[in-house]
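Input sequences plus hints: build the corresponding full structure.
Chains Z, D, H and Y, in that order, are what the protein sequence lines are. Counting with this note's numbering, you get residues 1 to 328 for the letters of the first sequence. Counting with this note's numbering, you get residues 1 to 328 for the letters of the second sequence. Counting with this note's numbering, you get residues 1 to 348 for the letters of the third sequence. Counting with this note's numbering, you get residues 1 to 348 for the letters of the fourth sequence.
Calculated directly from the structure, the hints in this document are not laboratory data. No experiment lies behind these values; they were computed from the predicted model shown. Be aware that a few hints might be false.
Some chain H residues judged to face chain Y by a derived CB distance under 7 Å, without partners named [claimed, not checked]:
| hint | residue |
| --- | --- |
| 1 | His181 |
| 2 | Glu182 |
| 3 | Asn185 |
| 4 | Ile189 |
| 5 | Val215 |
| 6 | Tyr225 |
| 7 | Gly254 |
Cβ coordinates follow ideal geometry from the N, Cα and C atoms, glycine included.
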Amino acid sequence: MPDKLLIEAIREGLFQEMAADERVIVLGEDVGKRGGVFRVTDGLLDRFGEARVIDTPLAESSIVGVAIGAAINGMLPVAEIQFLDFIHPAMDQIMNEAAKLRYRSNGDFECPIVIRAPYGGGVHGALYHSQSIEALFTHIPGLKVVAPIDPYDAKGMLRSAIHDPDPVLFLEHKRAYRALRSEVPDAPYEVPLGKARTLREGNDLTIVAWGWYLQEALAAADEFMAEQQATIEVIDPRSLRPLDSDAILASVMKTGKLLIVHEANKFGGLGGEISAIVAEDAFAYLDGPIMRIAGPEVPAMPYSPPLEQAFLHDKHDIRAAIERLAAY
Amino acid sequence: MPDKLLIEAIREGLFQEMAADERVIVLGEDVGKRGGVFRVTDGLLDRFGEARVIDTPLAESSIVGVAIGAAINGMLPVAEIQFLDFIHPAMDQIMNEAAKLRYRSNGDFECPIVIRAPYGGGVHGALYHSQSIEALFTHIPGLKVVAPIDPYDAKGMLRSAIHDPDPVLFLEHKRAYRALRSEVPDAPYEVPLGKARTLREGNDLTIVAWGWYLQEALAAADEFMAEQQATIEVIDPRSLRPLDSDAILASVMKTGKLLIVHEANKFGGLGGEISAIVAEDAFAYLDGPIMRIAGPEVPAMPYSPPLEQAFLHDKHDIRAAIERLAAY
Amino acid sequence: MTSVGSGGTATIPGIRAEAPDAATSNLDLDHGQLRAMFELMLLARALDERTWLLNRAGRVSFAISGQGHEGAQAGLGYAFDTSKDWLHPYYRDLTLVLHWGMTPRDVMLMNLSRKGDPNSGGRQMPGHYGSRRLRIVSSSSPVATQIAQAPGIALASKLRGEDVVTLTCVGEGGTSEGDFHEGLNWASIHRLPVVFCVQNNHYAISVPMEKQMAVRHVAERAAAYNMPGVQVDGTDALAVYRAAREAVARARRGDGPTLLETVVYRFTPHSSDDDDRSYRSREEVEEWKARDPLIVTRQRLQALGALTDEQEAEMQSRVKASVDDATDFALAAPLPDPEEAVTHVYAG
Amino acid sequence: MTSVGSGGTATIPGIRAEAPDAATSNLDLDHGQLRAMFELMLLARALDERTWLLNRAGRVSFAISGQGHEGAQAGLGYAFDTSKDWLHPYYRDLTLVLHWGMTPRDVMLMNLSRKGDPNSGGRQMPGHYGSRRLRIVSSSSPVATQIAQAPGIALASKLRGEDVVTLTCVGEGGTSEGDFHEGLNWASIHRLPVVFCVQNNHYAISVPMEKQMAVRHVAERAAAYNMPGVQVDGTDALAVYRAAREAVARARRGDGPTLLETVVYRFTPHSSDDDDRSYRSREEVEEWKARDPLIVTRQRLQALGALTDEQEAEMQSRVKASVDDATDFALAAPLPDPEEAVTHVYAG
Ligand SMILES: Cc1ncc(C[n+]2csc(CCOP(=O)(O)OP(=O)(O)O)c2C)c(N)n1
Ligand SMILES: Cc1ncc(C[n+]2csc(CCOP(=O)(O)OP(=O)(O)O)c2C)c(N)n1
Ligand SMILES: [Mg+2]
Ligand SMILES: [Mg+2]
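In structure tokens form, the structure reads like this:
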């Protein structure tokens with residue numbers, strides 16, 4: 001199977017879904033001629049034309065609003081928000097409209113839209129090109145939120161998301177676009193939403209991590225295991241809502257220890273929910289505190305290299321947390 | 001000291017702050033002639049005039065945007081969002097602008113605004129007049145979020161919020177406006193932001209609850225204590241960000257058991273964060289799972305009485321949870 | 001109260017205003033259709049009045065009204081092909097949804113939040129209409145969100161090459177929202193088959209026009225989108241019909257959207273939770289009630305020889321029977337089961 | 001490329017367009033001021049060019065440019081009283097912030113994200129200006145949010161009875177955002193002393209005008225708010241000055257806001273992360289570069305007898321010295337300390 005970059009896997013997924021189903025349209029700022037500011041949609045306009053690949057006005061609320069309307073009338077729109085940091089003007093359309101349409105109509109209407117958005121930092125993007133605000137969306141019933149980081153997962157989950165009858169926020173870590181590769185089949189395939197992936201099996205400690213920090217967590221876990229007898233289970237939830245809490249609970253029931261790692265700030269981050277699920281449903285199995293490594297409580301990532309570095313965590317921080325937790 | 005309703009305490013607070021400081025202005029939909037759809041701002045227009053009590057266009061983003069601009073230029077604006085359910089169009093102004101202004105300017109600018117918003121359900125308000133979405137805001141560094149339910153607290157915290165140099169989201173439970181009374185001094189006073197209030201002292205179990213459900217939690221705790229030997233500590237955080245985690249941790253270190261109660265849906269609610277803080281920093285003291293009673297995972301509260309009832313919890317549900325937890 | 005619309009004809013630079021007299025000539029509705037249109041208005045009014053009675057009797061906990069808007073909505077509705085066109089309504093659109101196929105029973109099931117209410121199964125407050133079968137989009141409460149969605153509905157129709165027009169409505173207050181701007185901008189850039197109807201009743205709850213916008217006529221806002229802005233006297237159903245017919249024809253021709261402002265008045269408080277006496281004088285209300293669209297339309301039909309007293313009496317008794325039936329039916333219907341509170345969050 | 005602005009004079013129904021020739025007469029700027037204005041433009045250009053050099057050399061990781069906008073901004077800026085008026089800028093406003101009192105050293109500290117950068121202490125990307133002392137509001141990245149805030153600044157000035165005007169700028173792309181609509185609406189309802197300047201460079205990154213709006217001229221959008229919409233050739237600083245002076249005078253008189261559209265072109269890609277070749281032809285870029293505001297202004301000043309070659313040579317050497325000094329100063333300045341990453345979240 002050929003190796004593909006994350007960005008290639010997503011682009012290929014978009015091509016294939018558009019080719020397979022006329023109902024799929026793509027819309028967003030600069031997605032057409034420019035092929036997206038990250039070039040994710042590069043080539044779509046040439047292949048599918050202006051009617052289905054739409055360069056929109058600079059207006060996020062209407063990007064999502066139009067996607068909702070088109071979905072109501074039979075299309076499968078894939079909207080792009082240029083940076084997750086700019087999704088706020090569309091929050092009303094996402095949270096009050098897309099997420100509530102099925103419920104409020106007692107199941108009469110549905111809203112099969114996908115909203116793709118690059119997120120995350122470590123790319124000198126500063127406050128407004130680095131945000132990891134997934135927790136604002138994972139709190140919303142009616143919405144699905146996924147954040148695959150592995151190219152294989154991304155292509156398969158994109159297909160699942162497009163064909164999912166509910167609205168899906170599809171998060172793409174921008175630092176990973178051209179940094180991560182994996183084996184990705186050329187043919188279309190699905191990876192189900194709502195299922196975690198276990199990247200390392202282990203017995204002594206569980207790490208739940210997503211986004212870019214999954215790489216750091218894996219590196220820290222591998223280093224630790226190379227030096228110690230203990231084994232670490234590393235889980236990528238991939239899907240943040242619905243969350244595969246069964247997989248997480250089963251792992252913690254086995255290992256007794258949980259470390260959660262995410263880039264978003266800690267207070268109110270999704271890590272808190274994961275911790276709470278475990279503290280409620282697997283309390284008796286816990287052999288130590290549930291620990292979290294997360295972003296600092298500052299409004300967003302700063303720009304200047306030393307400041308950005310101070311914001312970010314790496315495998316060393318995670319390794320230190322592993323050691324503290326393993327010592328319990 | 002005279003007894004006052006929650007709505008009276010807030011109104012009195014607004015009057016007194018406007019009278020004491022010309023920089024305080026009030027703006028929002030229907031806050032002027034109509035005195036607010038709940039009548040919270042009733043009488044302000046007559047007393048302070050159109051220049052300082054502004055009936056705004058129906059446009060939440062600009063209500064907050066204008067408040068930010070006025071605050072930058074020396075005013076202390078108190079904006080009203082008619083229902084918390086309609087705050088979404090203003091999320092960009094709140095989260096990306098107000099909350100980040102101090103940080104992004106390296107402390108050069110500040111944003112002393114207050115955004116008042118009625119929230120919560122149980123009033124036949126259905127999906128869009130019942131929401132408890134405080135967790136979307138408590139995740140945001142730079143923002144403060146308070147939800148006093150006791151009239152005494154509300155008046156004192158409103159004063160603190162208005163004079164606080166940072167943006168404060170001030171949540172008022174609409175079901176409590178005319179249902180709850182307490183002793184409220186006529187003269188102005190402050191209740192600090194960031195400090196919890198302990199309503200019952202106890203040794204065997206801690207309940208953290210806010211909003212309307214605090215009443216239900218108190219009723220359940222009192223009933224339980226009347227029948228059993230055990231004592232329950234009941235804490236109202238009042239301030240949700242900053243959260244008085246010291247008070248909560250100290251209580252759980254004493255009681256060993258924690259039950260969290262809130263109206264918002266559970267997944268990603270602030271209860272998860274509270275649980276996680278305890279599971280991280282007071283793990284060794286825990287004698288049982290951390291339990292949460294919260295709203296169901298549906299998009300928002302439905303309208304028809306049997307549906308609304310099915311959504312809501314009451315003291316019986318809380319009592320049942322207390323019994324389960326006490327049994328550990 | 002603004003002066004426009006009061007007389008019916010407004011001459012606004014750059015805005016085409018419909019003259020009410022012109023509207024009665026050159027009509028393609030026969031007398032039967034005119035009577036049906038009038039009966040629709042009578043039915044909407046009667047259903048609405050019954051709802052307020054039920055509200056006062058404590059049977060309905062919330063009422064929000066289209067009283068005063070019936071003429072504008074009836075004229076508007078008749079310009080569309082309800083067998084294929086889409087409606088994305090707002091909460092005052094009772095007349096429109098009845099025209100689109102919703103029955104009085106459906107409406108009363110909603111008002112009484114009964115099981116089987118086709119709008120939302122009792123989940124939403126009254127006034128939140130919706131039916132996929134009828135192509136009426138389920139509406140929410142946040143004002144003006146529909147304006148950003150309607151272009152998407154029309155885009156899909158256009159992509160499939162269908163001859164389908166989308167109608168969406170909002171109050172004049174809703175035109176202050178960012179979504180109003182974004183939706184009109186989208187529709188106009190892509191020349192989408194949408195008719196945006198602003199039902200201007202001069203108040204957003206208590207906030208009068210002059211505190212909502214600096215233009216005197218909502219239709220002036222069309223200039224920002226290079227689309228026709230048409231203001232029409234909304235008390236005159238036939239004038240509205242003519243203006244709407246042109247907007248629909250324009251949309252079907254592929255020439256794009258129109259902003260249609262119907263100047264009306266709401267005869268009730270904002271909702272059953274409101275008291276309008278603090279912000280509207282009783283004289284102002286009475287002045288507008290003298291131009292009740294039901295009165296105006298009755299006179300117009302009589303002048304055209306399309307309506308006799310006898311015919312109206314028959315209509316009134318049909319309407320009453322229908323409202324009685326709907327009320328009885330809905331009152332007898334069960335409330336939703338508590339278990340229904342947690343279904344339909346996600347598919348499957 | 002739209003045709004408007006190319007010639008300078010546009011006649012748009014309902015919109016006042018400034019004729020460039022009229023602009024040179026009836027000016028209240030003396031020759032010294034005209035030269036200072038030109039030198040400001042030269043300085044902005046030179047600073048910007050140096051920043052791109054530093055970017056290519058890997059010293060600056062992000063650059064976003066005002067090249068091509070200098071004439072419009074210089075003309076605009078000179079119409080304000082920078083000792084008391086407020087500026088809520090956008091990321092291309094280098095010329096404006098220099099005029100408002102920011103120094104080249106300040107700018108280079110920002111571009112190199114050094115400790116002591118007065119804009120944000122190195123926290124924000126280049127192009128995010130701000131200084132409380134100078135009454136330049138700290139700007140964010142989300143496009144058009146400033147448009148909803150500027151009326152609030154002006155409201156405060158008005159409430160205190162101050163004779164202070166607020167200027168805020170945005171690209172033509174930003175006019176599609178809901179906040180643009182809401183901000184103009186507010187300012188006009190309350191007749192607030194604001195000047196909204198849209199710097200129309202025909203593209204929002206890659207998206208051309210005709211995909212952003214259905215009107216041909218941004219200034220047409222003013223009609224929706226009953227405020228004057230003025231389009232002016234932004235390559236001609238003096239024409240802009242005249243138009244802006246009128247807008248400022250109107251604001252000071254208490255007559256309310258103005259929407260001023262300056263038609264310009266951006267000479268660089270959107271930012272150092274962009275490659276504009278996929279969406280703009282090289283011919284189009286060259287055509288506009290022939291009308292570089294620096295060339296146009298130089299010619300105008302020479303024609304007025306306000307600028308000799310010698311004077312320009314002196315300016316150029318002052319500018320070069322200033323840019324060199326700023327670069328050296330900033331390169332020598334330390335980076336922020338890591339501990340600074342977590343301060344200034346809340347007061348105290
Ligand atoms: C986004 C939003 N903000 C506030 C409200 C509360 N609200 C409901 S209707 C209304 C006034 C609407 O006025 P208008 O658009 O003129 O319609 P009308 O009721 O007059 O027909 C308001 C403020 C809301 N529903 N949505
Ligand atoms: C709300 C928001 N959406 C998207 C972006 C990404 N973005 C930055 S600048 C820009 C284009 C702006 O175009 P325009 O307003 O015309 O200004 P110009 O850059 O041409 O001067 C876009 C899409 C953003 N910064 N903010
Ligand atoms: Mg209205
Ligand atoms: Mg532009």
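Hints numbered earlier in the text: which of these fail when held up against the supplied structure?
Result: hint 7 breaks, nothing else.
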